[in-house]
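A.B. asks: Note that the protein sequences, when read in sequence, are chains A and B. Be aware that the first sequence starts at 170, since it is given in the working numbering, and climbs by one per residue. Be aware that the second sequence starts at 170, since it is given in the working numbering, and climbs by one per residue.
Just so you know, not all the hints are guaranteed correct.
No distinction is drawn between identical chains; accordingly, a pair holds when it is met within one copy or between any pair of copies.
[As the list claims (entries may be wrong)] Within a straight-line C-alpha distance of at most 25 angstroms, the following computed BS3-like cross-link-like pairs (lysine-lysine) qualify:
#, residue 1, residue 2
1, 223, 175
2, 183, 277
3, 183, 310
4, 281, 175
5, 266, 277
6, 447, 201
7, 310, 387
8, 363, 665
9, 259, 310
10, 175, 277
11, 375, 201
12, 320, 265
What the hints contain is simulated information worked out from the structure, not anything from laboratory work. All of these numbers come straight from a predicted model, not from anything done at the bench.
The chain contents come next:
2 protein chains.
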Amino acid sequence: MKEIEKDFLRYVNKITHYEEAISLMYWDLRTKAPANSVEQRSNSIATLSTELHKMRTSEQLKEMFTALLSDEATGVISEITRKSALECKKDYDLYKKIPIEQYEEFVKLQSKAESVWEEAKEAADFKRFEPYLEQLVEKTKTFIGYWGYDKNPYDTLLDQYEPGITVELLDEVFAELRDGIIDLLKDIQHSPKKFDPSFIYHPFPKEQQEAFSLDVLKQFGYDFQSGRLDDTVHPFEITINPSDVRITTKYDENDFRVAIFGTIHEGGHALYEQHISKDLIGTPLLAGTSMGIHESQSLFHEIFIGRNRSFWQYHYDRFKSYAKGQFDDVSLDDFYRAINEVKPTLIRIEADEVTYPLHVIIRYEIEKALFNGEIEVKDLPKIWNEKYKQYLGIEPENDGVGVLQDVHWAGGSFGYFPSYALGYMYAAQMKHAMLKDIPDFDDRLANGDLEPIEEWLRENVHRFGKMKKPLEILQDATGEPLKAKYLLEYLREKYKNIYDLA
Amino acid sequence: MKEIEKDFLRYVNKITHYEEAISLMYWDLRTKAPANSVEQRSNSIATLSTELHKMRTSEQLKEMFTALLSDEATGVISEITRKSALECKKDYDLYKKIPIEQYEEFVKLQSKAESVWEEAKEAADFKRFEPYLEQLVEKTKTFIGYWGYDKNPYDTLLDQYEPGITVELLDEVFAELRDGIIDLLKDIQHSPKKFDPSFIYHPFPKEQQEAFSLDVLKQFGYDFQSGRLDDTVHPFEITINPSDVRITTKYDENDFRVAIFGTIHEGGHALYEQHISKDLIGTPLLAGTSMGIHESQSLFHEIFIGRNRSFWQYHYDRFKSYAKGQFDDVSLDDFYRAINEVKPTLIRIEADEVTYPLHVIIRYEIEKALFNGEIEVKDLPKIWNEKYKQYLGIEPENDGVGVLQDVHWAGGSFGYFPSYALGYMYAAQMKHAMLKDIPDFDDRLANGDLEPIEEWLRENVHRFGKMKKPLEILQDATGEPLKAKYLLEYLREKYKNIYDLA
Chain A
170 MKEIEKDFLR
180 YVNKITHYEE
190 AISLMYWDLR
200 TKAPANSVEQ
210 RSNSIATLST
220 ELHKMRTSEQ
230 LKEMFTALLS
240 DEATGVISEI
250 TRKSALECKK
260 DYDLYKKIPI
270 EQYEEFVKLQ
280 SKAESVWEEA
290 KEAADFKRFE
300 PYLEQLVEKT
310 KTFIGYWGYD
320 KNPYDTLLDQ
330 YEPGITVELL
340 DEVFAELRDG
350 IIDLLKDIQH
360 SPKKFDPSFI
370 YHPFPKEQQE
380 AFSLDVLKQF
390 GYDFQSGRLD
400 DTVHPFEITI
410 NPSDVRITTK
420 YDENDFRVAI
430 FGTIHEGGHA
440 LYEQHISKDL
450 IGTPLLAGTS
460 MGIHESQSLF
470 HEIFIGRNRS
480 FWQYHYDRFK
490 SYAKGQFDDV
500 SLDDFYRAIN
510 EVKPTLIRIE
520 ADEVTYPLHV
530 IIRYEIEKAL
540 FNGEIEVKDL
550 PKIWNEKYKQ
560 YLGIEPENDG
570 VGVLQDVHWA
580 GGSFGYFPSY
590 ALGYMYAAQM
600 KHAMLKDIPD
610 FDDRLANGDL
620 EPIEEWLREN
630 VHRFGKMKKP
640 LEILQDATGE
650 PLKAKYLLEY
660 LREKYKNIYD
670 LA
Chain B
170 MKEIEKDFLR
180 YVNKITHYEE
190 AISLMYWDLR
200 TKAPANSVEQ
210 RSNSIATLST
220 ELHKMRTSEQ
230 LKEMFTALLS
240 DEATGVISEI
250 TRKSALECKK
260 DYDLYKKIPI
270 EQYEEFVKLQ
280 SKAESVWEEA
290 KEAADFKRFE
300 PYLEQLVEKT
310 KTFIGYWGYD
320 KNPYDTLLDQ
330 YEPGITVELL
340 DEVFAELRDG
350 IIDLLKDIQH
360 SPKKFDPSFI
370 YHPFPKEQQE
380 AFSLDVLKQF
390 GYDFQSGRLD
400 DTVHPFEITI
410 NPSDVRITTK
420 YDENDFRVAI
430 FGTIHEGGHA
440 LYEQHISKDL
450 IGTPLLAGTS
460 MGIHESQSLF
470 HEIFIGRNRS
480 FWQYHYDRFK
490 SYAKGQFDDV
500 SLDDFYRAIN
510 EVKPTLIRIE
520 ADEVTYPLHV
530 IIRYEIEKAL
540 FNGEIEVKDL
550 PKIWNEKYKQ
560 YLGIEPENDG
570 VGVLQDVHWA
580 GGSFGYFPSY
590 ALGYMYAAQM
600 KHAMLKDIPD
610 FDDRLANGDL
620 EPIEEWLREN
630 VHRFGKMKKP
640 LEILQDATGE
650 PLKAKYLLEY
660 LREKYKNIYD
670 LA
C-alpha cells in the first residue's frame, strides 16, 4: 500500500506539472503573446490538455485510487493522499461516465456556441443562439442521466461547482435573500438622499491607478515574490504554481473604480491561493475548494474591506495624492457614498452590491426550471425580462443587454452562477464570525492594520485548500450552517446610514 | 508508406507542441516569473523535458523514421518528411548510443558543475572547478567513443553544433583568420589615431533607448505581431512558436551600446526564425539550421549593418533626438569611430569586432588539444594565459577573467565555441556575395532602405530552416565554400579608414 501511495503521489505530481504548463500558456495568451501566435498556441494547449485528460482518466490512475480508497488503506496512507484520491475519483467519474464521442461532441458544440453567442449578443438576436443553447441543455441533461442524481437533476450540476449545495438549500436561502433585498431596494429607492458622483468619471492616469493598486495589494499582504500584476481586457486570477499566483486588472482612465475594485477583487482570489498550505504541493488539493469559497474571498476583499468607510478613512488621502486633483473638493463621506451608490442596472457585472444577488438569483431560478423541465429554452427571453421587471423594476430593451449578456451558458456552464451569490453570503457570514475574534475590525481598517484580518482568513479558510469541502469550511469558520441573514443584516445596516433609512 | 508518413508527421507535430510549452516556461522564467516560482517551475520543466526526451528516443519513432528512410519510401514521401526523418534519426542516435545511466549522470554533473563554476569564477579559483571539468571532459570522451568518429574525435563534437565542419577545415580557415587578424591588430596598434569615446558613457534613459531599439527593429522588418521585446540580464532570442519569436535586451543607462547592439544582434537571430518557410510548421525543420548560420544572421545585423557608417548616416539624427544631448557636439564620424574602437580585452563578450575571433580561436585550439589528448585540464590556465599573451598581447590577472569567464564548458558544451567565429566568417562571405546582387548596399543603408537586404537573406538563408545544412546554405548563397579571406578583407578595408592605415 505504501508503494501504491508513493506511485500515486508521483503520478498526481506529474499532473500538476502539466497544469502549470497549460496555465502559463493561457496566462501568456491573455497578457503577453503576440497576435499571430494564437493559432499555433491553441494547438499546443490542445495537445497538452489531451495528455492531461488521458492522465486523469487512465486505468492506471483508477487502479491506484481504488486501492487507496479501499478498507485496506485506512490508517496506512496519509489523509492528504486519501483526499487526493477522492478528488481524482471525482474527476475520473465525471469524465468516464460520459461516452467519449459524446464528450468530444460537447466540446465542439461549446466552442461553436461561444462564437455564435458572440455574434448573437452583438446583434441582440436570441433566435440565432437559441438552437445552440437548446443542444447544450439537451446534452447536459443526457450527461446528468449518466452521472445520476438524488433528489433533483440540477443538484448534479450544482455539485460540480459547489460540492454539497442542493436545490433544497438554495431555494430556502435564495428566497430569503431575494425578498430581503427587494424590500431594502424599495426603501433605498424611496429615500430622498441623492448624490452627485460625477467626479468619478474625471480622468485618472493609468500609471497612477496602477501605483495605488500595487500599494493596496501590498497592504493586503499579496506576495509579489510569488505573483505579479498585469493589464488585460478581462481581469482574472490564475495560479501557475503554488508560488506563482498572478492577477490582472483593467484600467479605465475615466472610471477609476474598474481598476481599483477589480484589483482588490482579483487580489482576494490570489490571497486565497497564496495562503494554501504548502503541505499540499504536488496534489490536486492545492487549489481553492470551490467557486463559491473562492468568490467569498474576492468579495470579502472587494466589498467588506474595499467598500468599507474605514478602509477609505485610512486610504483616502493617499488615494487623492495619486489622482490629478479630481477629489480635492470631495469629502470622504461624499466619496464613500458615491462608490456605494445603489441603482438597479441590467448588467450583472456592473451591478452595485445591493442588487448584485438579484441578478444571480434570476439565473438560478431559470437554470433550475430548465433542468427540471418546467420551461423551455425558447421562452428564456420572456421569462428573463419578466424577472428583471419583477425583482429590479427595470426591463432590458433587447436581449443583448438581457438574456444574452453572460458567456456562461454558451460555454455549457450550468450550475455555475449560484456560486457568485453563495460566495457573497459566505463572505458576510465570515465577516460576522470574524467580528467575534476581531471586534475592532473597523478600527483596524481605519489604522491600515489588515494583518489580523488576513490571518483570520488564512487560518480559517485559505490554508485548507481542498482538504475541506465548502460547507465544512463555512461551518468550521463560523460555527453555523449557511444563512442568508448575515448578508441581509450587513446590507441593511450599511445602507441605513448611506441612505438615511428608518 | 503514406500511412506511416501521416503518423510520423502527427508525432513530430506533437513534439513541437511540447517544445512550445517548454520554451514558454523558460522565457517566462527569464523575463516575468516571480522569484519564488523558480523551484516548482524547474520541476515542471523537468517533467515535460523528460516526456519530450522519451518521445525523441521512442521505439515507435525509430520504427517510423527507419521505414521512411528506407528505399521503399523514396519518391513516395515528401522531401520535408524525409529530412524530418533524418533529423529525428540524428537526435535518436545522439541519445540512444549513450547508456541511459551515463546520460543521466552527465546531466547531474552538468548542473553541479555549473554551480561550482559560478563560485569558482567569483573566487577566481580554477582549482575548485578543475575536478568537475576533468570529469566533464572524460565523460564526453567516453561519449565520443559511443558516437564514433572518422578522422578526429573532436569532429564528432563540432558536428553536433555545425554539421559538416571538421578539424581539417577549421585548422585551415582559423589559422588564416588568426594570422590575418594579428597582423591587422598590430597595424591598428601602431596607428597614431586616438579617439575620445567618453560621450558613450553619459546617461541615456532606458525608455529612450528602448524607443530607439523598437524603431530599428521595425526598420529591419521584425514583425511585432509575431514577437515581442523584453528586458533581461542576459539578452537572448527564443522561438516559442513559428509566429512567436521573442527577443530580449539589456539596458545600461551609462552605455547605450549594450542595448542598441544587443537588440540588433538578437533581432538578427529573430529575423532568421521569423522568415523560415511556414511549410515547415510542425516539423523539426522549422528552426535555424545550425549555431553558426544563426550567428551569421545576428552578426550580419549587428556588425555589417549596425556598425556600418551608412547605417548611422541614416539613423544618427534620430538617435540623437532620443538622447539627452550627449551627442550634440559629436560628429557622425567621431561617433562612428567611437563605436568601432579596437582595443584588446580579456573578456570575449566585450570584445570589439577585430579581436573577437581571436577569443574564439583560442578556445577552439584548447578544446581540440584537450580532446586529442595533447593537453590536460590542469594545464588550461597556463595555456590560456599564454595564448592571450601571444595573440592579443594581454594577460589575465586571474582565472576569473581568464579561463573561467565563459559558462560553456561548465555546461558540458564542447565544440560550440567555433560557431561564433564561423558565423562571423559566413556573414562576411554572404555580405561579399550580396554586393553582387545589391551593389548599392551602403547607399541603401544610408537611405534607410533595408528591404532588398532582408529579402536577400530571407531568400538565400532564412526560408530553408533545416532543409539545408550550414555549408550547403553557404555554398548556395555565395557560390563558394567557406573562406576566411572575406572577413579579413572586410576588416582591413573598414579599419584602414578608421585608423588611417597604409
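A.B. asks: Check each numbered hint against the structure and report the violated ones by number, ascending.
C.D. replies: 3, 4 and 7
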